[in-house]
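Position chain B against the provided structure of chain A, taking the given hints into account.
Here the protein sequences come in this chain order: A and B.
For the first sequence, this note's numbering assigns the number 9 to the initial residue and increments by one for each residue that follows.
For the second sequence, this note's numbering assigns the number 2 to the initial residue and increments by one for each residue that follows.
Incorrect hints may appear among the rest.
[As the list claims (entries may be wrong)] Derived coverage of chain B by chain A (criterion: at least 3 residues anywhere in the stretch with Cβ under 8 Å from a Cβ of chain A; other residues may be distant):
{"#": "1", "region": "29-41"}
{"#": "2", "region": "79-86"}
{"#": "3", "region": "104-117"}
What the hints contain is simulated information worked out from the structure, not anything from laboratory work.
Cβ atoms here follow ideal geometry from the backbone N, Cα and C, with glycine treated the same way.
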Amino acid sequence: GENVEQHPSTLSVQEGDSAVIKCTYSDSASNYFPWYKQELGKRPQLIIDIRSNVGEKKDQRIAVTLNKTAKHFSLHITETQPEDSAVYFCAATRGTGGFKTIFGAGTRLFVKA
Amino acid sequence: DTGVSQNPRHKITKRGQNVTFRCDPISEHNRLYWYRQTLGQGPEFLTYFQNEAQLEKSRLLSDRFSAERPKGSFSTLEIQRTEQGDSAMYLCASSFGQGANTGELFFGEGSRLTVL
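Chain A extracted, bound-state conformation (with noise of 0.2 Å):
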């Protein structure tokens, strides 16, 4: 069945510094790949998403890559303020024989200031 995996389930960070979170996927007929964020008591929230005919997306600070090959997508997120704090979630979007969208389990992410 289709499954989604996201590592790790809890990243600390110091100001400044770079976060990465790593999620790997089972359906190859996934082709929309989403990343949301999720404040505390919040809903989630789009950040960034990628298509499987781009190996590559930034905006700004954020950016994704994705490895349809090996099954692999990452967030990476560059000088990290405190704000980032929250929880990331990844997903896999199926582009044919239906459209579910599967979340990975989410990463807790603290920046410390």
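Just chain B now, with coordinates in the frame of chain A:
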């Protein structure tokens, strides 16, 4: 249209009772999803609709759960004979998708269920 809205926001019920949650998606969105989220976990897929058609339902979902989207607009999620294990946040999300392309999921604030 201010986004996806869900109600009620909180529901406390006794074990064995039925509960129903409503989701109003962003009006131009054709896809609607229900997820369940427990503390410290990612959203767990329950079911999704494209327009009024329910296209997939999680194999983990028991027969006590049913969802509808009768006119392709709002959706309801009903849980019959609730159990304590049903306690969770129920999230609704909507998106606009064309063919194989899926757009961003826009989530509602969620409906928190507590089963006593």
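Here is what the structure says about each hint:
no., hint, in the structure
1, 29-41, "holds (count 4)"
2, 79-86, "violated (count 0)"
3, 104-117, "holds (count 6)"
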